[in-house]
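6 protein chains.
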Amino acid sequence: MGVVVQNIERAGEDVIAALGEAGVATVHEAQGRTGLMAARMRPIFAGASVAGSAVTISAPPGDNWMLHVAIEQLQAGDVLVLAPTAPCDMGYFGDLLATSAMARGCRALVIDAGVRDVRDLTAMGFAVWSAAVSAQGTVKETIGSVNVPVVCGGALVNPGDVIVADDDGVCVVPRGSAAEALAGARKRLAAEEEKRRRLAAGELGLDLYGMRERLAEKGLKYV
Amino acid sequence: MGVVVQNIERAGEDVIAALGEAGVATVHEAQGRTGLMAARMRPIFAGASVAGSAVTISAPPGDNWMLHVAIEQLQAGDVLVLAPTAPCDMGYFGDLLATSAMARGCRALVIDAGVRDVRDLTAMGFAVWSAAVSAQGTVKETIGSVNVPVVCGGALVNPGDVIVADDDGVCVVPRGSAAEALAGARKRLAAEEEKRRRLAAGELGLDLYGMRERLAEKGLKYV
Amino acid sequence: MGVVVQNIERAGEDVIAALGEAGVATVHEAQGRTGLMAARMRPIFAGASVAGSAVTISAPPGDNWMLHVAIEQLQAGDVLVLAPTAPCDMGYFGDLLATSAMARGCRALVIDAGVRDVRDLTAMGFAVWSAAVSAQGTVKETIGSVNVPVVCGGALVNPGDVIVADDDGVCVVPRGSAAEALAGARKRLAAEEEKRRRLAAGELGLDLYGMRERLAEKGLKYV
Amino acid sequence: MGVVVQNIERAGEDVIAALGEAGVATVHEAQGRTGLMAARMRPIFAGASVAGSAVTISAPPGDNWMLHVAIEQLQAGDVLVLAPTAPCDMGYFGDLLATSAMARGCRALVIDAGVRDVRDLTAMGFAVWSAAVSAQGTVKETIGSVNVPVVCGGALVNPGDVIVADDDGVCVVPRGSAAEALAGARKRLAAEEEKRRRLAAGELGLDLYGMRERLAEKGLKYV
Amino acid sequence: MGVVVQNIERAGEDVIAALGEAGVATVHEAQGRTGLMAARMRPIFAGASVAGSAVTISAPPGDNWMLHVAIEQLQAGDVLVLAPTAPCDMGYFGDLLATSAMARGCRALVIDAGVRDVRDLTAMGFAVWSAAVSAQGTVKETIGSVNVPVVCGGALVNPGDVIVADDDGVCVVPRGSAAEALAGARKRLAAEEEKRRRLAAGELGLDLYGMRERLAEKGLKYV
Amino acid sequence: MGVVVQNIERAGEDVIAALGEAGVATVHEAQGRTGLMAARMRPIFAGASVAGSAVTISAPPGDNWMLHVAIEQLQAGDVLVLAPTAPCDMGYFGDLLATSAMARGCRALVIDAGVRDVRDLTAMGFAVWSAAVSAQGTVKETIGSVNVPVVCGGALVNPGDVIVADDDGVCVVPRGSAAEALAGARKRLAAEEEKRRRLAAGELGLDLYGMRERLAEKGLKYV
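Heads up: the protein sequence lines correspond to chains A, B, C, D, E and F, in order.
Heads up: the first sequence at position 115 corresponds to 780 in the numbering used here, and the numbers run straight through without jumps.
Heads up: the second sequence at position 157 corresponds to 822 in the numbering used here, and the numbers run straight through without jumps.
Heads up: the third sequence at position 127 corresponds to 792 in the numbering used here, and the numbers run straight through without jumps.
Heads up: the fourth sequence at position 58 corresponds to 723 in the numbering used here, and the numbers run straight through without jumps.
Heads up: the fifth sequence at position 96 corresponds to 761 in the numbering used here, and the numbers run straight through without jumps.
Heads up: the sixth sequence at position 116 corresponds to 781 in the numbering used here, and the numbers run straight through without jumps.
Derived from the structure by calculation, the hints contain no laboratory data.
Warning: the hint list may mix true and false statements.
[Said to hold, decoys possible] Keeping only pairs whose Cα atoms sit at most 30 Å apart, straight-line, the calculated BS3-like set for lysine-lysine is:
1) A/K886 x F/K883
2) F/K860 x E/K805
3) F/K883 x C/K883
4) A/K886 x D/K852
5) D/K886 x D/K860
6) A/K860 x A/K886
7) F/K886 x F/K852
8) D/K886 x A/K852
9) B/K883 x D/K805
10) A/K883 x F/K860
11) D/K860 x D/K883
12) F/K805 x D/K852
13) A/K883 x A/K860
14) C/K852 x F/K860
Put together the whole structure using the sequences plus the hints.
Right, here's the structure in full:
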């Protein structure tokens, strides 16, 4: 408690960008259906799509002091990830903090708590995935930690992990397996092209995926 | 369990279309305030308005196999209605299934669970009312049933019932009483025209509906 | 129970308007982080921003009779605030009531329950902050009260209090301290200008707010 | 709306009693994992175990009038099942209604809403499974129906269905398949005896159920 | 913010004791179905029944400092009532604070947050009604207020109000109307005796309360 | 996915036992207020108090196959910890699995999902902390992993970590810091003895902890 880790490793920017293009659903599948945050993590505006390196924050409920500390640790392309140490829906983050984070090249905030000034943030184009929107103010009294492992939205996030976020939610890709996840994502995307074409032409998934026999074995009856 | 009913009856397309135009709130009122699904069933994009015949799916939590089975049973103008057998917010349905369903003429999905690829679905104009948005992947291991009665969003849905859905939520109209519900809806819409005009002109509901006497009888005091 | 208070005092229109311009987050901070309603109170469409005088309603669950009574008490610039006497997500309010309320100059509805006809309300530009969207119909059988103190969204609202609402939620400003809250809000807004400029230029909050020493005292370690 | 069905059919008392002895988990399994109410339906005291015939009530939120109507329809061995027409946690039922129901031979109440006087009910030994405990009073203003199909706790209940309830929750057995469910339950119970003995002796489920090969086929790796 | 009101008025001890004997459901009814806290406020052990004068606490989320301040303000027969300024389920209160509060004659704690050491509190016989049980520790960094009006469990509590709590929940009786509430409660209790006797003898509520005619007028049909 | 780690390290039994005696609240404090699971994790019966080594399970929603696999990995004194890969309240575990687990010396189950046969489990004295009680049956179709890191109840659990659970909830102590946590817990317990004695004698926390000056500095006003 009360530690700021200043040097963290990050994945390569090209891998990060490609994971972002693949999107949350594909990346989550590509890494064996792991890493997805809970469905309560929603974007404050539709259409945002981001990938970046996690700068993590463990903060007490209702105390946003560590956000100021974390901003100093940001590099261009990072994503702030804040996990409160107990459930809390207060508004830790608003337009001033966003201004400061953007000045450091920060791409987004992922927070398992509340955010405020959402109209300003939307106008600024600063993407946020949060568990709540709330104007409720926080204090600056108790320290937490920056760049330590946190559980955010029910998912483990290590500093430097790749965060992929879009309208479907937020997925965490461990830094060490980012390249592997990307390879898997690319394979999926390639395979989906052909499937989409055939399904659009009216072919059934039952046939395309060869499911009929196994369904019959399981005992499915048509009446 | 494990049954696919292949031939279901549907209401007439003109009745279905007219119920859709009347909208959820009016139809729900017109059939005695019944048939409404729970408020957790929300559209993935604003402005969608749909009516169609229910092709129902009873599926295990986290298993979307039966969606493929159900798609074969679709006719143009149908709405898929999926009820998991236990609460579940996983993403059963995404853009590939939507492509396949649209190729069969499906109008929408109503699902008391999660959906993913919501940006793609929005771009495709495929309407979904769901309890959650989640990229969490599902398996294809356990069979369920298609076109059996289900409880979805707290409402009983029989296959072939008319589903009406818009920004206010989702309402189920039993096939057998669709014509009667439509007649009631038309009566309400006609009556509302006049009321809207008078209220807009500043007349009070207290006078328009003649409420003052009954309020006084109940003991309402003005101070 | 069963009382309608007909003459309530309101804050000055200029103060109300200025509080509305300051917005929820700023006003909430300016009055010592009090008065905010719970995060479940969400706008039915993005971008609405309203301030007005509260005409309060205490209503039974699933009974919207008192809305008709309250509308007669409205003056131009008022905001209806409805608190059910037990948790309820039914749709108390739709386009006919909105037509009537708008004819009286009402600016918005704040309701710790459900609302319906949201597409119509959006088209009419009638702003609503609610705990739910639901088409579920209500009855007119049991009386309640108008212009009595209510607890709405977890916040105490006295009739004539100033309601400020925007994308961040809803804040209640007691009528008697509205001028003071406004003064505080203006001070904050002025101070924020300079801060925003400096943060945008890359200055850190740690330096701008002089936090480094106190963080060290609390034991924060950089590693 | 507004109907009381006076003559309903019930299952045989011996079948009902035997289903009650089998218990919720076994009966639910025996009928293909169907019929279970949602986990929010909890007993007000531990150790209660009941089976009986459903007398169903569809009631408006916050209105307990139909309970008085339903009590007249009770026969000895019946279970009251109340479903509100919208989510509601108010206290529909207390010690006076329990006194009246017990005088008619009623065995329990299952209610997807609230109950009160729980200390008295516990002292009287009147079992209740409810979604909430709340002293919040209800009105008697709006009629509903008795002995019509209802959705309670997410499960469809027809009048005369067998309700089985214990510490694990509440399960509905359709009257027409009660005998079949009982036969299945008895088969399970017999099979479990032997399994319990072998598991208690230290045999592993992996061996008892012959799971090892199929796990290996699915790709499970031991490291 | 940051105020401790040292002298508060309390209701007479005999009125308080009699309200406690009447119990939550009766008192809530006797004062027009007002004052009940939300159903999430549950006792940590069954069978507790308490009435006392409210010493109120407004505390920040996750900060229990004001409990120490409030304990100094306790008189024998008081009940601590803590409302956090934002939703919070952390454990503000445990066995040491209970020891201290009991030494001052405190009867119970009502807290719209969490409590811990519940086994010790149960052994000590110190009653608590809370929204959660949680061992999560709190800090002592930010001040709040003692003996100011608070909204706890959705109900307004003024210091010195009478708190009545039992297995049905928690009810607030405004100090100024405590005698009136008691009179109403006594009337109800007297009337219930006779009703209970007649209902136990098999008389129906339909007849006892003369409901049949009004039900018929509302349109109830027997089939 | 699909891995069973067979050899895990465990903390010393004496350390584990002593942490169990210290209890959840003390241990959680002793390790810097970390490791606590969410408040939804509740015991199925009051009074249970357990400490043991975690054998972890990552299982798909509604699939309890991995429990059978995990039981083979149990040693005397272990605690099963199951985390579903998506939110799920189904009943993964009942009396047969408990019989098997007890035969292997298992002390308890901690599960962020549902459990059933709770009356039998209570009679057997097998302690369970779960997010729900539900009879809903699960399948055995999809593999997961045993003895991999999991997030359960919002807390990270590595296999072999010490699980401490009692009426206050569940706390995870990393195996590597178990001795340190115990030392801290012992220090706290020793200090609490003296505090409890002085508080019971009527001394105020304000004086015992020397809080008055700091409260005054923060601006607390007595009126």
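Hint-by-hint comparison with the structure:
1. A/K886 x F/K883: Answer violated: A/K886 to F/K883 is near 73 Å, above 30 Å.
2. F/K860 x E/K805: 17 Å, holds
3. F/K883 x C/K883: 16 Å, holds
4. A/K886 x D/K852: 24 Å, holds
5. D/K886 x D/K860: 27 Å, holds
6. A/K860 x A/K886: 27 Å, holds
7. F/K886 x F/K852: This hinted pair is violated, its Cα atoms lying about 35 Å apart.
8. D/K886 x A/K852: 24 Å, holds
9. B/K883 x D/K805: 13 Å, holds
10. A/K883 x F/K860: 65 Å, violated
11. D/K860 x D/K883: 25 Å, holds
12. F/K805 x D/K852: 20 Å, holds
13. A/K883 x A/K860: Satisfied, since the Cα-Cα distance of roughly 25 Å is no more than 30 Å.
14. C/K852 x F/K860: Since the Cα atoms of C/K852 and F/K860 sit roughly 46 Å apart, the hinted pair is violated (cutoff 30 Å).
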